[in-house]
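K.L.:
Based on these hints, arrange chain A on the given structure of chain R.
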Amino acid sequence: MLQGTLDIMVLQTLAALGPSHGYAMAARIEQVSGGRVQLNMGTLYPGLMRLEQRGFVRGTWGVTENNRKARFYVLTPAGKKQLAAEKREWSRMVTTMQAILNEPS
Amino acid sequence: MSAAIREWLRRLWATFHKAPEDAEMEEELRLHFDMIADELKRRGLSFEDAARQARLQAGGIAQVMEQRRDQRGLRRLEDLIQDLRYGVRTLRRAPVFTAVTIATLTLAIGANTAAFSLVDALLFRDLPVRDPSSLVQFTWRYPSDPPLNMFSLENYAQYRDRNTMFSDMVGLAPLRTDSSAGSEPIGAWVVTGNFFHALGVKPALGRVLDVSDDTLGGAPMAVVSWRYWQAQFNGEERALGAIVEITDRRLPGPVHATVVGVAEPDFSGVTASMRSDVWVSLGAIPTAMRSRGGVALMARLKPGASIAQARAEMRVLYQSSIDALAQRDPQWRHVAIDVTSARAGLSTPLTDQFGGPLSLLMAIVGVLLLLACANIGGLLLARGAARQHEMAVRVSLGAGRLRIVRQVLTELLLLASISGALGLVGARFGAAILTQIMISGTQSLGPSPRLEITVDARVLTFTIGVTLLAALVFGLAPAIAAFVSAPASALRQGGGAQTKSRRVFGNGLVVAQVAISLALLSVSQLYIGHLRHLRDRSLGFDRDRVLLMSVDTSRAQNREQLAALYRDAVARLHAIPGVDSVAASGMTPMSGAAGSAFLRVEGFDEPADDRQRVSLNTVSPNYFLTYGTPLLAGRDFRDSDMDQPRRIIVNQALARKYFSGRDPIGRHVWLENERDPYEIVGVAGDAKYQDVRLPPPPIVYQFALMSRGSSDLSLRTSGRRAGVADDARRLVNDVFGTTSVGRVTTLAEQVDASIVPERLLATLAGFFGAVGALLAAIGLFGLLAYTVARQTKEIGIRLALGATRGRVSLMVATSAGWVVSVGFLLGAPTAFWSTRFAARSVENLPAGGAVPIASAAAALIAVAFIAVYVPMRSATRVEPVIALRAE
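Residue numbers (our numbering), protein chains in the order written: chain R, 1 to 105; chain A, 1 to 887.
Which chain R residues face chain A? A few, computed with CB under 8 Å, are given here:
1. P46
2. M49
3. R54
Hint data in this document are derived by calculation from the structure and do not stem from the laboratory.
From the three backbone atoms N, C-alpha and C, an ideal C-beta is built for every residue, glycine too.
Next up, chain R with everything else stripped away, as it sits in the complex (with noise of 0.2 Å):
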């Protein structure tokens, strides 16, 4: 897995389930990556933690359907704002580094 893009994956995640637990962001991302992704805990919890430590996610207890204790992240302003600005990034990259891959070799 590319080198910084755990935080764009967990950030987008969020903003398209909302509130949610480790293993459904997990489970979302691996399906949606149609399995390309699967991330063991030692990745996403650190992880997770530092987004916390920056402010860019929130993280609190609730419960889940099953009713098992849980905690649910969901994004701050400041980390909506923090995902487009990684998504402009990370458009930006795609877009040279195609116009770097295209040129006929």
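P.N.:
Just chain A, lined up with the frame of chain R:
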């Protein structure tokens, strides 16, 4: 606030608060794990397979927890805090080791920092002015007087206009300002107008002085120092135009100078040892003062000009003054002008007096630092050996070896920083005390001396660095040993034998300590002996229990009245219980006053160029009795000599020089410029005159019951009754007028005040010598205690095989004896060389030969016995059965 900073702050906070808690984090992970497993079970896996598969897919909860903890706080900081906690705990478990180490380090760091800061401020630090290295000063030296930087204004103008070597030449003179009630006297200097421009000092406010301010009789202008401006004017602009009043006893009235500017903050005068608050233009000084007073000269060399060239030129320019002066006093032929660097500021009596002693002090504290390093080394080495077992246990329990090294490092840093902090406090305290001692002897030297001492950060860093380095070298050894060696072997040994190399090294350290402290103690013995010689043995009078009192005698109109008052005072003073004898004299020994004249004796011829003055004093009857100076021939003065004033008493040195063995009683001599001769009626023993360091000069004692104007009374008292001084003061005030008594002191105090550098050196050398001996003793004690502890089994076997306890203590004593003997063997030449060096650095100090070294060795042996006693006793108390069972 950027996101990264926010993250760092949250992690810093979490380092101390552990939020979220571990349990919360773990619960979250467990949910995730369970959900994966549930999903797998839904796909038809068995319970066990699902759990295994989930672990593969998601990672182990324990590992992820560790990763989350790393992300939660600041890992390095957490480790450091843990190391520190552990370090504090370890140090507290060994309180003696900790206390001794911290005390040693504190002392070494504090003493070095204090000494270096002082020396740097006084002697080495460059003046904060433009290009200080090209500044020079001028001094001349009359035979056996201290060097002086004092020239007439005419000479100043002449040198300034005729020299070819200097781009600028300035003159300055301190004013003797009196302190008004309750306030410190201000440090005022009269300076030539070019002073600030020549030094390159700029105004922080207003302007600096200018050559135009030098106009004779012009309105006096003043520039004040930044510090004075802050203190007196709160740093406000209204200071400009304000009037500063300066009083000098030598001036007819106070000088009112207008403040025209404030000097830049860094500049606080051209000497560290006299305070500088105000610089006043030369125009402030009335003509009367101009002709009498002199100025100190300072100049800036032109680019390319050397000090040697400048010296040669100045000698030529100065020659005409010498020629004129030598007409009257041939001794001037021996005077030459000298030019020296003034990059660190003008020399003052303080720098002249203390330059040598302070450099020595620096050498002594440097040696102490060395000693402290050896001591710390020995302590840490012994401790490291004792901890080998602990290290091995920790390594075999899986502690990272680097982590162990770091743990030891943390402990050392902890020790060093505690000692560093204490050392800084100690250094400030020490520097303040040193300054006080140094200033105490120079009260009579014009403007109040003040030393600006700031503890030098570079020095503090340096000394902490050195001690830390020593601590690292010796302290890391056990950690590295644990790192390299297989823990199994260390565990198996069970703390039995010590390795040979370590034993040799440990012995070597103690040998070095013994040798160094022998040298240190020898030097301190030398100084202490010298001081004792100066203050007691060679004085020629008995310094104890003599009260001195300066009296204003202006109430008496003529000689007869004075004599009457004197007789009245003496009679009443004699009536005070505890007063044995009373005498008056024109001056008292070591008071700073002096008089001299050329003496002509029939039959004694000396070449005109070698003629030397004899010292003078006027004394009343009983002077010699009061001072305990013996009369060797002839008689004392008596009251009836009042009518026969041309009778004198001379001292032995004079008799020896002018009469070379023949009886001087009844002979006639002439004093310079007097027509009538004096008859010698008595010969007194030699006594020191104005400098205890010099041999007694030839002295002529003239008769006077008291001198007109002012005179000194000396009272020999018996016992130490406190009230004598007050009674005497009241009585004398009754006789001579209410405020006639000035300074009251004792002869002992007056002598001590004149030898402050020697006292300073002897006190400090004695203190540091004692500390050095103590350190060596601790080192010896540590080594022996450690050896005995290690040899418990061996001692047990010996005792079981029939050795007596006497033999066992002999065994311990022998090993101590060896270490001390080798230390002495190496230390003796070192001590010999150090005492020679130390003697050379102080004027008039004989090297002392073997005596100081022998007494130092005796002191060390005594200390060594104490150090050996405890380990020896514990060796004899070994119970063979218990010692052998311990294995």
